[in-house]
Amino acid sequence: MKVVIVAGTPGAGKTSVMTHTIKQLQKKGKKTAVIKIDCLYTDDDVRYGKLGVPTLIGLSKDMCPDHFAIYNIEEMVEWAKEQNTDTLIIETAGLCHRCAPYTKNSLGVCVIDATSGPNTPRKVGPFLTSADVVAITKGDIISQAEREVFRERVLEMNPNCTIYDVNGLSGQGCAEIAEEITEAKDITDLENELLRHNAPLSVCTLCVGETRIAKKYHRGVLRRIDGFTKYVGE
Amino acid sequence: MEITEIKIIGGVDKCGNPENVKELIVKKGEIFGVVGPTGSGKSNLISDIEQLSQGDTVSGRKIMINNEVPSSDMRRDPRKRRIAQLSQNMNFLADMTVEEFLIMHAKSRGINSEGLVDKVIELANNLTGEPIKKDYNLTILSGGQSRSLMVADVAVISDSPIVLIDEIENAGIKKHEALELLAGYGKIVMVITHDPVLALMTNRRVVMKNGAMTEIIETSDEEKEVSKRLNDLDGWMLSMREKVRHGEKLSIGDIQNTCKTC
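Chains as they are written, first to last, in full-length UniProt numbering: chain A, 1 to 234; chain B, 1 to 262.
Source of the hints: derived by calculation from the structure; they are not laboratory data. Ideal placement from N, C-alpha and C gives every residue a C-beta, glycine not left out. This list has only true hints and no planted wrong ones.
Calculated lysine-lysine pairs in the DSBU-like style (CA-CA distance at most 35 Å, straight line):
#1 B/Lys62 - A/Lys23
#2 B/Lys107 - A/Lys123
#3 A/Lys104 - A/Lys61
#4 B/Lys174 - B/Lys228
What follows is a set of in silico ranges between Cβ atoms, one per label pair, in the way DEER data are often shown:
#5 A/Arg122 - B/Pro131: 26 to 36 Å
#6 B/Met240 - A/Gln26: 52 to 62 Å
#7 A/Pro159 - B/Thr97: 18 to 28 Å
#8 B/Cys15 - A/Pro200: 45 to 55 Å
All chains, please: the whole structure from these sequences, using the hints.
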């Protein structure tokens, strides 16, 4: 089973890019399944469903969607196997820009929007820096020069990635991404699969529902604005 | 690698019928036009060339460089693709100054930026009536300034043997000068245009219809003469625009004295 994990900034065009990519995979005779992980709402299952591929959605509610995806990865792969597919695409909403959803043997695809400006690659975390493939969308809206500057910034943050300029409307560039997916390795031993990068730190009382904001109520791993991090609690 | 020619091998139109033009070769030093109504597939043709398509796009066209299939390296890495493109869209979103941007762009192309910034800005300012300064923020540039800056950038920084231009006419810059600047040094230039001045400046032009290349027209001597006169008219129009822009009033005399063609 090939597992492709797709992450990226909101509105970058992850679903559009993946719909065109799936069409290309279908041309190659691949059997693909899709799982969309979001927080509160999504109708992307309808969009994916139109392609005739098995589709599942997972809503993480008040939990980080990437953490949610990681806890559920075994079930998701199991489900994809039951659908008789060879490629599972997991698209995750990843909202904190610090997320690190890729595992060692999955293909990590980061979708990022060129119109967000060349400083964006510096502002996002491991979902860009540890990706195998970076799909840059909406490049047709800006000049070639600005696209090249954006590309340079992406390479500064992740020198080992392969970059594709992708158009989510026309599907330009998606054939190349489909090619990367067919060349990706299989995940054979899910039990020993590892994350590429640790997930963001979030072990505190706010995580379990504390709403009071005064310092004295906070427990867990607390980081102060001066950079000092300490653990408060038993 | 020196690029001496590109060959476009025809694909299919929007309905899947084979294109009328089976093969189109553009050689080094030629300025080639692409004409046709909106939605006829002009931008797709340019985009096929930009991607060096190998039958894998909607049109099914194949692009050969020097009569060979380009290497996958050249197809995948824009640094090796060596195609400069001026698209219709030229919105700057980068929050930086003109100088910072040009230095970064030179870096992304792997060239030494020393002295380049002033050179690009000087060339750009020859094409537009509104001078650009290097400490200007990119986001405040007008349409004409952005276009001029990009034309100069393509001439100096993204100096590539193949230059693709998509409707340069819409921004009030000096078109003839811009095209001459871009076509300099024996490049292959392809221009999409609805503008008769630009269309007639090319040696040949391909007519697009329903997603396909239907005909190739050679520019006649008579058309070249028409082009010259239209260009005078265009220059005159631009000078009128500058007057209005600078708060001057126009008179009948402006038309009678200034326009040689009228």
